[in-house]
Amino acid sequence: MLLAEVGFAEATWVLIVKSVLIFLLVFMIVPVLTVTERKLIGRFQNRHGPNRVGPVGLLQPLADIVKLAGKEMFRPTGAVPLLFAIAPALIIFSGILTLAIIPFGNVVDGVGLYGIDVSIGVLYFFAFGSLSFYGLLLAGWSSGSKYSFLGSMRSAAQLISYEISMGLALLGAVMMAGSLSLTAIVEAQDEVWYIVPQIVGFLIFMLAGFAETNRAPFDLPEADAELVQGYQTEYGGMRFGSFLLAEYLEMFVVCAIATTFFLGGWTGPGPDWLSPVWLILKTLALIFVFIWVRATLPRLRYDQLMSLGWKILLPLATLNVLVTAILVTVL
Amino acid sequence: MTPDGTLNRAAPTQSGVQPEIEDPSLGLVRQAETEVRPPDVDLDLEPEQELLTINMGPHHPATHGVLRLIVTLQGEQVIDLKPVIGYVHTGIEKSCEQHSYWKVIPFVERMDYLGYFFNMEAYCGCVESLLALEIPPRAKWLRTLHMELNRIHSHLVWLGTSALDLGAISMFWYCFRERDRILDLFEMSAGQRMHTRYFQVGGVFEDIPVGFEQKVKEFCAEMPDRISQYEALLDQNEIFLRRTKGIGIVPRERLLELGVTGPLLRAAGEPWDLRKATDYLAYPELDFNIPVGTVGDGYDRYRCRVAEMRESVRMIEQCIDGLPEGPWIADDRKIVLPPRDELSTSMEALIHHFKLVTEGFRVPPGELYHSIEGPRGELGCFIVADGSAKPGRVHFRDSSFVNLQAFREMSVGGYVADLIQNLAMLDPILGGIDR
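Chains as they are written, first to last, in this note's numbering: chain X, 1 to 331; chain A, 1 to 435.
Among the hints, erroneous ones may be present.
[Unchecked claim] In silico lysine-lysine, DSS-like type, Cα no more than 25 Å apart, as pairs:
(1) Lys245/A to Lys103/A
(2) Lys103/A to Lys390/A
(3) Lys67/X to Lys39/X
(4) Lys103/A to Lys146/X
(5) Lys311/X to Lys245/A
(6) Lys245/A to Lys334/A
Source of the hints: derived by calculation from the structure; they are not laboratory data.
None of the values given here were measured: they were computed from a predicted structure.
Bound-form chain X, shown alone:
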């Protein structure tokens, strides 16, 4: 039974191999991201960053993972055991599922360089991306801690508010391409990247992306100065590690989606097999912006975050959709 119409059908074994490959690729990127972030922020802050483990500190993520894995996965007595354990898994799960639709390239030698090319790509992204919200909420609620509870309340409000703007920001690009499929959207950017006509959409998407991934300056759910670590406060060991993992995974996904929708996706000079490299390079450039912002900006206040989301981003995104719709129809 087909759940959705797929643009390109392949043998089952190809799909399995692709899934494993994409999974491995991204899970190799995440540790690199963590060390890159720490190195870059170190540079921004006039210090070296990690430089003790391995050559120039490159093995630092391994040491981190070993350390986290060796820690006790304790649980507060007031916690709800099952939900407490499920929450971090749920967050990682949603991150991995959204990876499936990111197109790393077009069809090369009969194999599409993506997990799956569904005709409802955008909807798929939002459907599974939103699942992470349950993870945050459950993590905060099941911890039985007030800080965690406050953190999850914040994240619930924040994610719902910014999801709408995020969706509307992508709608402009979808209308211009005339398709919900991500490969079709990349192919539609043959002449000009959508960042040019859809600059407003791009900016809104990136802003909302900061909020969706709980990154500075929208990192209120885990505002360490106020809520210690928000919904992560009571977690330890690899469960805590999986929250970090999920954060980087989501950051990668959001940047990859932004690349796909606005920066021409995999397109770039060179042979076809280079296209994954182009996508990853563009994504990394966007991630650099994420890191840069984190090193620079203070954190917004809760009510300011809400008013930015509802009073500025949402009307702007709606207007952008409206103008795009008119222009697409007229031209």
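Given the coordinates of chain X, work out where chain A should sit on it, guided by the hints.
Chain A only, in chain X's frame:
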């Protein structure tokens, strides 16, 4: 450098006179701005509304030490707030009674651990007044120099940690970079980076080494640029402005009632500063302004302290240029240790040295309160001398302790995030509060 007072000495007014905006001695940090954004709060509680009491601290990233806050929240808004102190109470004041006067100095400088030169000066100045001991001019100027360096150091730590509390993580490192340069200077002159024990009763421990003046001048030349960089990072940052402007306002009159002093009070428009109001050390001979705010919100507090850093740089430059030659410690052999080289040639010196080290000097009976302007406000030392070589009672009026009283009024009605901002701009040092 005019002793007749034409040099802007007109700043102080504790209560009463409204400071004039045109007064050149007021380094007004911000043009009067009508735009004040108090958070719209609805404090009328409905009975069924659920309140959440959370316990912030004593181990919490934003409480600057071990302050414990019992906060009652309604959603994100602070309904009530109770600071609990005493987690680093070490009985310093009591310990002081067990030691001779010169051994008390290392104790008291560990109270407010960011203002150790100020602690020393409050104590040493008090003992010197009890002894009616005049310290040589070079000692006065050296003390002033080190205290102003210390003021910058303290404000830098405040700025870094406050920005960190607001989420601007990089400011911390930039501020600590400059702080380290100040600590290098302290290491050069006193041999220690923190808790230098540089001030002695009677003067300072040692003359400054060769090359120190040059290093200080280099620092002074660089520091204004660095301050401009901090301002560039924060002052034009919309998020920072929104987080600080119009937040935590307590009226000037109320602050005076609570006994709040220092940058907190000056940010609210009262130019009260003991460096202007009283004559101690070299301050009467220095040319400097007192930065004064207008609104008294978090932003004014930030602006006041940053402007104070600039003024301190000016004062340090003047201290280096005007540093008088001469002895750096008084010549009273009953109080001050004799120079080391005299010990092998003079019997008299040996006897003095022995008496001072074993028993210490005696202070005539009496009691005295001596206060100076610390980085966080009035820092006072009260000593009861009973005629022996040990103080009968040592008490400190720590500015953080008094200022903390205003915290509740700043924060009730605001958001949790504002509470953190208020605490950051209050700049409490728990070592000083608990003692």
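Item to check | Hint check, failures only | outcome: 1, 4 and 6
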